[in-house]
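Colleague: Sequence:
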Amino acid sequence: MIHKVERELAGRTLTIETGELAQQASGAVTVRYGDNIILATAVMAPTAREGIDFLPLTVDMEERHYAIGKIPGSFFRREGRPGSEAILAGRITDRTIRPLFPKGLRNEVQIILTVLSSDREYPLDTLGVIGASAALTISHVPFEGPVSGCHVGYINGEIVINPTYADGDTSDLDLVVAGSQNAIVMVEAGANEVDESVLRQALQAGQDANRIVIEMQEELQALCGKPKAVLDEPDDNSAVREAIESLVGERLLEAASGLGRHERNETTQALLDETLERLSGEHDAALLSRVFEDVFTDAVRSCILSGTRPDGRTHTQIRPLTSRVGVLPRAHGSALFQRGETQVLNVTTLGPLADAQKIDSLTPVDTKRYLHHYNFPPYSVGEARRVGTPGRREIGHGALAERALLPVIPGEMEFPYTLRLVSDVLGSNGSTSMASVCSSTLSLMDAGVPIKAPVAGIAMGLVTDKTGAYAVLTDIQGLEDHLGDMDFKVAGTAEGVTALQMDIKLTGITDEIMERALAQARDARLELLAHMSETIAETRQEMSPFAPRMTRIQINPERIGQLIGPGGKTIRSIVEETGATVDVENDGTVFVGAADGEIADRAIGMIERLTKDIEVGEQFKGKVVRTTDFGAFVELAPGRDGMVHISELAHYRVGSVEDVIKVGDEVEVLVTDIDPTGRIRLSRRALIDPDAETPPEGAEVNTSRPFDQRDSRGDGGGRRFGDRDRGPRPGGNGRPPRRRPDGDRDRPRRPEGDRPPRRRM
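The sequence shown begins at 35 in the numbering used here and counts up by one.
These aren't lab readings, by the way, just hints derived from the structure by calculation.
Just so you know, these numbers come straight off a predicted model, no measurement behind them.
The reader is advised that the hints may include incorrect statements.
Lysine-lysine pairs mimicking PhoX-like chemistry, simulated, CA-CA at most 20 Å apart [unchecked claim]:
| # | residue 1 | residue 2 |
| --- | --- | --- |
| 1 | K137 | K262 |
| 2 | K38 | K402 |
| 3 | K657 | K696 |
| 4 | K500 | K137 |
| 5 | K657 | K646 |
| 6 | K655 | K696 |
| 7 | K603 | K657 |
| 8 | K539 | K603 |
| 9 | K104 | K392 |
| 10 | K539 | K137 |
| 11 | K500 | K486 |
| 12 | K539 | K486 |
Modelling step: build the complete structure from the supplied sequences, incorporating the hints.
Modeller: Below, the structure is given as structure tokens:
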């Protein structure tokens with residue numbers, strides 16, 4: 035049976051339907067918003083996976099190009115591995131629903147979000163959150179939902195729910211907020227230096243919208259929800275825990291605070307070995323290891339709540355900072371940033387606009403000129419494992435750092451370059467994505483990129499207990515991230531926030547905790563910016579000598595066709611001849627990229643000669659491209675030729691054009707006339723001094739005036755016969771009979787009445 039619920043949300047109808055599609059799945063729904071339709075399915079394996087201590091959850095968003103009426107552009111003309119947009123959308127859903135599964139669930143859970151239709155007006159990621167939550171809610175899968183997600187914009191001082199892609203051009207905020215009925219679960223945002231107070235308003239507005247969708251899911255569950263599967267009760271490990279605490283509990287508390295990372299790891303490993311040696315005769319070794327980890331976790335959390343962090347810092351203290359720029363000699367810009375044991379090298383590479391990434395996705399964005407790539411090699415955490423293509427985590431971290439810097443990147447009109455930033459994590463102990471933001475800012479300034487303001491990022495953490503006590507931590511390290519309840523990353527300038535991302539392990543956090551975290555993050559951000567300004571106070575005025583030089587010029591849009599030429603022939607010839615890159619916009623803006631100024635000047639000169647309006651009286655040095663019996667055609671610019679009549683070649687009579695010039699010769703010419711159809715007449719002899727010219731022996735002097743010295747009476751009979759004295763015409767007031775085409779002057783004229791009537795066109 036088909037069941038459906040509908041609500042109005044931000045001016046459009048949101049529909050959740052189940053019962054028609056994917057009937058074999060544990061739970062399946064279609065979510066429709068406008069012409070966007072997503073099929074969300076949830077399936078749980080019947081048995082738990084052995085030997086794991088985590089939830090085996092996977093979320094995949096499958097983009098189908100038929101959703102926008104396109105055939106994929108790949109060689110095989112079918113969808114391949116998911117693109118970055120699909121991966122990021124899947125991560126948003128994963129991060130939203132993961133905290134809401136029972137702690138002991140070890141059955142594999144798979145969520146597949148298939149895009150069936152897209153109007154390319156609204157983002158699809160939050161529809162995936164709604165679909166996954168609804169599918170889980172009506173299924174038998176244990177799930178502490180439902181939840182919902184929405185986009186929130188800030189346009190002209192107003193909060194807007196679910197803005198369109200077009201609205202994003204004027205919005206100062208793109209916030210994704212996901213939450214349950216009572217609390218926020220996940221946050222991700224890009225912002226144009228907005229104040230923290232605006233963020234709090236947007237979060238509240240997003241939660242109000244989410245509650246509408248949560249009520250829809252609860253209504254659907256009441257209509258067709260299945261009974262939830264019951265998990266086995268966890269074993270009672272209290273006796274094992276008491277044995278471990280009595281044996282090493284006090285020493286674990288000492289190891290939980292005040293030690294460095296490596297010293298702490300060595301100490302805890304020694305205590306675990308002692309525990310296994312002393313208690314393995316009474317209890318299973320795997321159980322002992324698992325309970326030992328729980329005891330250590332509780333020890334760390336207890337120390338933090340009492341005011342002492344694992345490395346001895348206070349709750350608001352940042353780890354030691356070091357940074358420098360100009361690390362690599364040939365790079366266009368480079369910087370090394372280190373915070374504690376987290377170390378990131380960032381390198382900026384500049385290229386022409388033609389190097390922008392081409393995107394084949396379901397979004398309306400088809401190119402990107404600013405790219406941020408993040409790499410996390412195994413040696414950064416002291417491990418040895420296979421190095422492969424970037425995983426979802428690396429793509430997600432790179433996207434977050436990219437979003438943090440996007441508001442300060444200059445536009446292509448101000449800075450006509452493609453920018454690629456690469457963050458290589460050389461050492462990791464927490465918050466590598468925010469270290470990438472800091473390193474990227476320094477690298478951009480070192481490269482001479484005129485960013486609007488420096489950006490810094492910090493990761494905030496949270497530890498809570500059952501009594502409601504909590505501690506918000508500034509600059510969390512790896513252990514605090516692993517054992518804590520929240521990872522809240524905030525990036526921005528001195529003026530406001532540019533990006534944030536929040537993941538939690540609780541079922542939600544309160545407004546009070548959110549406000550406290552944002553306030554501490556701002557203080558830390560200002561401290562980081564002060565340190566970075568000591569490394570490089572402002573953007574370098576001179577770019578690296580190894581960076582390409584980009585120049586912007588403007589041409590008449592009507593001349594774009596001349597610049598490009600038939601099939602791109604003309605613009606390719608400029609590129610091949612000069613070695614420069616040439617990119618043309620529809621408004622006539624032309625970007626020229628070159629390795630040095632000389633190449634750029636040469637290419638610009640060719641473009642200007644080709645596209646500017648040629649005027650009578652201008653001189654050109656052109657190449658002879660063709661000769662005929664009556665003259666020669668000279669290329670003034672690629673694709674623009676003019677003709678030199680044989681009489682305009684020299685001050686003497688020329689018998690053959692090729693006696694004077696040949697194809698391939700370069701010749702100085704003067705523009706003498708441009709007819710209404712655009713044909714250009716040229717003269718060579720007008721630029722030659724007659725006294726300096728040496729005619730061939732026996733050559734007659736060319737007595738006709740140069741074209742530029744002739745009168746402009748038009749093409750009537752006066753010009754047709756030159757200045758000859760015709761003399762009297764006998765029989766007609768002293769004038770001879772009119773010349774006939776056949777040369778017979780004496781043939782009598784046809785009587786007036788014998789003429790046929792004149793045809794009218």
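Colleague: Can you list which hints this structure breaks, lowest number first?
Modeller: 2, 8, 11 and 12
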